[in-house]
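A.B. asks: Let's have the full structure, built from the sequences with the hints guiding it.
There are 2 protein chains.
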Amino acid sequence: MDNTRVVLSKRPEAEATPDCFTVLTEPVADLAEGQVRVDVEYISVDAGTRTMLRGEGFHQQVELGGTVLAGGVGKIIESNVEGMTVGQAVRGPLCAQTVATLNAEYLEPIEDLPGLPLSAYLGALGGSTGVTAWIGIREVSKPQPGDLFVVSAAAGAVGCLAGQIAKKDGAIVIGIAGGNRKTTYLQDQLGFDHVIDYKSEDIGQRLKSIAPEGVNGFFDNVGGAVLDAVLDNLALRAKVTICGAISQYDHMDAVTGPSMYLRLAERQAQMEGFAFFHFPEKIPAATAELKSWLLDGSITMPEEILEGIERYPEALQFMFNGGNLGKLMVKP
Amino acid sequence: MDNTRVVLSKRPEAEATPDCFTVLTEPVADLAEGQVRVDVEYISVDAGTRTMLRGEGFHQQVELGGTVLAGGVGKIIESNVEGMTVGQAVRGPLCAQTVATLNAEYLEPIEDLPGLPLSAYLGALGGSTGVTAWIGIREVSKPQPGDLFVVSAAAGAVGCLAGQIAKKDGAIVIGIAGGNRKTTYLQDQLGFDHVIDYKSEDIGQRLKSIAPEGVNGFFDNVGGAVLDAVLDNLALRAKVTICGAISQYDHMDAVTGPSMYLRLAERQAQMEGFAFFHFPEKIPAATAELKSWLLDGSITMPEEILEGIERYPEALQFMFNGGNLGKLMVKP
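Heads up: the protein sequence lines correspond to chains A and B, in order. For the first sequence, my numbering assigns the number 1 to the initial residue and increments by one for each residue that follows. For the second sequence, my numbering assigns the number 1 to the initial residue and increments by one for each residue that follows.
Misleading hints may appear alongside valid ones.
To be verified - Derived CB-CB ranges, DEER-like:
hint: 1; chain 1: A; residue 1: E201; chain 2: B; residue 2: E56; range: 21 to 31 Å
hint: 2; chain 1: B; residue 1: S200; chain 2: A; residue 2: Q144; range: 40 to 50 Å
hint: 3; chain 1: A; residue 1: G48; chain 2: B; residue 2: L236; range: 13 to 23 Å
Unchecked claim - Chain B residues, not near chain A, derived (Cβ > 12 Å throughout):
hint: 4; residue: T25
hint: 5; residue: R37
hint: 6; residue: G65
hint: 7; residue: P93
hint: 8; residue: E105
hint: 9; residue: Q144
hint: 10; residue: E314
Said to hold, decoys possible - Derived coverage of chain A by chain B (criterion: at least 3 residues anywhere in the stretch with Cβ under 8 Å from a Cβ of chain B; other residues may be distant):
hint: 11; stretch: 235–244
hint: 12; stretch: 255–268
hint: 13; stretch: 274–280
Hint data in this document are derived by calculation from the structure and do not stem from the laboratory. Don't be surprised by glycine CBs; every beta carbon is placed ideally from N, CA and C.
C.D. replies: Set out below in structure tokens:
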């Protein structure tokens, strides 16, 4: 049996372009004690991956010549481990490849339920996506009914769920996204109260018109100019949640800090950062509630899936160019 | 009777240098209905004044040709208002001048107590100094016993009190200040646990050595590189309080935001801003406790006083060059 994998052949200097990656096909090794083999069905494409390609930093790093780190779901096709049977669906660090061979302790068995495709475990139920959105809204942002609540990268996997959960909690949700396809989807399909197209509109002017007294909350996935525009329009005692900063991941050595941060002092406002793994005790509740909402249809996670492992580098670039709507995955 | 006042004759482009100001002497006008006349004893010199010289922005602005706005204390020498008697000590927006003529409703009568010079009402008991430090520590930072707690501009009027109050509350206090005179004073006279001289030491390296697991709290008055160095050394769930940003007041149109702000997400940390006037209900308690600490000698506010109204521009420049230790005032 062969495995086809995407390896990092050159560290990106700015944008992670497809020429930084090579696709290799090799026969798989024999299964060692404690290992299982997984047929990868979906590979998650994540903004955070960019920070793992630098060779240094806070996040786990991809080695040069190593397979690109990525979460995935699939089914066990060979097992040396009792209790991990062939056919079991699993989620884990399967990486950007067609067949993953790894120690069973890294894998989490998942339920293959009717009405819930395995891809949902990377999107609406994924740790860095749906669970991040749930924890960010319920444990950090905590929007109150009637709050004017802004979400950036609102058509992304985290943002579109964060906005839907904030709406469930009674907030008036303002989504910032790029391009008509995304803003129309957010307003018409997901019921966002207001949408701002940062590619064609001035965020600050729109916010001043929607929220003359300022916005009460902001869930930021973008950083840079978007963060500054919202900071400049905070209401008194507003709360800003820092979830991510996709505009900065290309140049983590020289992040542009929010020049409007002194609005925090002027408006007695807060900025709080988090990652879902800071709240391990909340993950089961988050997952259970997200699953019930998915099954009753009260939330939607749009998915975009590129087919073919060789398209993983293209998918990563597509994400950084703001192309995808909802959860982006590769189906090897 | 003549009044000598400092007027803004040119808006500063960067640093507020003495050539931006003119000193004028003119006879005072007759007292109108509702007015009192005050002999100004002390004029407060504040970092925040710089933001009032721009001609636009969040803060109240000084007009070109207008008297520089400043808080002051003095005694009533003439009164058209019942209940405001000659000899009464008052505090208010007396501005940078020798004799203030203004409506009585802007003035707050203060007690002229033995052991408490009137200058204390601008320093340890001042709204933007002692009261700001008390509210910032007690209502925003809330350091816990044993916390490693950093204060920047620690030898300034706000910083030196913030550090002393944090120590009263059980924190291990690390002061950042510039130059041997200040760091020695903080350590020897005020009992700060650690001091870092930003002019001769690398803040990040010193913090890594004092607090290998990171610091739990930070009370920032400086911004810029100092803020970034501390953000880079936050412990999990640390809290950063934004009180001021003296490094940025010269160029409020192009504030350098903290490029290390993503540490907030990595460390699940918070940044919260405030001004003392956001907590009007806490001012009486803050003032009463500060007054009792001053009288029992358990806190100290160093004061530096330049004599002569014509020295106000020089005093402002001295503050921005980091010259003063404690509260800086002009005695006209």
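A.B. asks: Has the stretch 255–268 of chain A got at least three residues whose CB is nearer than 8 Å to a CB belonging to chain B?
C.D. replies: holds (count 14)
A.B. asks: Between G48 of chain A and L236 of chain B, does the C-beta distance stay in 13 to 23 Å?
C.D. replies: 19 Å, holds
A.B. asks: Is 21 to 31 Å respected by the C-beta to C-beta distance linking E201 of chain A and E56 of chain B?
C.D. replies: Hint holds: Cβ distance 25 Å, inside 21 to 31 Å.
A.B. asks: With 12 Å as the threshold, tell me whether P93 of chain B passes as away from chain A on beta-carbon distances.
C.D. replies: P93 of chain B clear of chain A: closest Cβ-Cβ about 20 Å, beyond 12 Å.
A.B. asks: Looking at T25 of chain B again, its CB stays over 12 Å from all of chain A?
C.D. replies: Holds: least Cβ distance 36 Å, greater than 12 Å.
A.B. asks: Is the Cβ of E105 of chain B farther than 12 Å from every Cβ of chain A?
C.D. replies: 25 Å, holds
A.B. asks: Beyond 12 Å from chain A, beta-carbon-wise, is R37 of chain B?
C.D. replies: 34 Å, holds
A.B. asks: Using the Cβ atoms, figure out if S200 of chain B sits within 40 to 50 Å of Q144 of chain A.
C.D. replies: Holds, at about 48 Å.
A.B. asks: Per the stated criterion, does the least C-beta distance between E314 of chain B and chain A lie above 12 Å, as a non-interface residue requires?
C.D. replies: 27 Å, holds
A.B. asks: Verify that the Cβ of G65 of chain B lies farther than 12 Å from every Cβ atom of chain A, and report whether the claim holds or is violated.
C.D. replies: At roughly 27 Å from the nearest Cβ of chain A, G65 of chain B sits farther out than 12 Å, so the non-interface label holds.
A.B. asks: With a C-beta cutoff of 8 Å, work out whether three or more residues of the stretch 274–280 of chain A approach chain B closely enough for the coverage to hold.
C.D. replies: holds (count 3)
A.B. asks: Taking 12 Å as the cut and beta carbons as the points, is Q144 of chain B off the interface with chain A?
C.D. replies: 18 Å, holds
Checked against the numbered hints given earlier, the structure satisfies every one of them.
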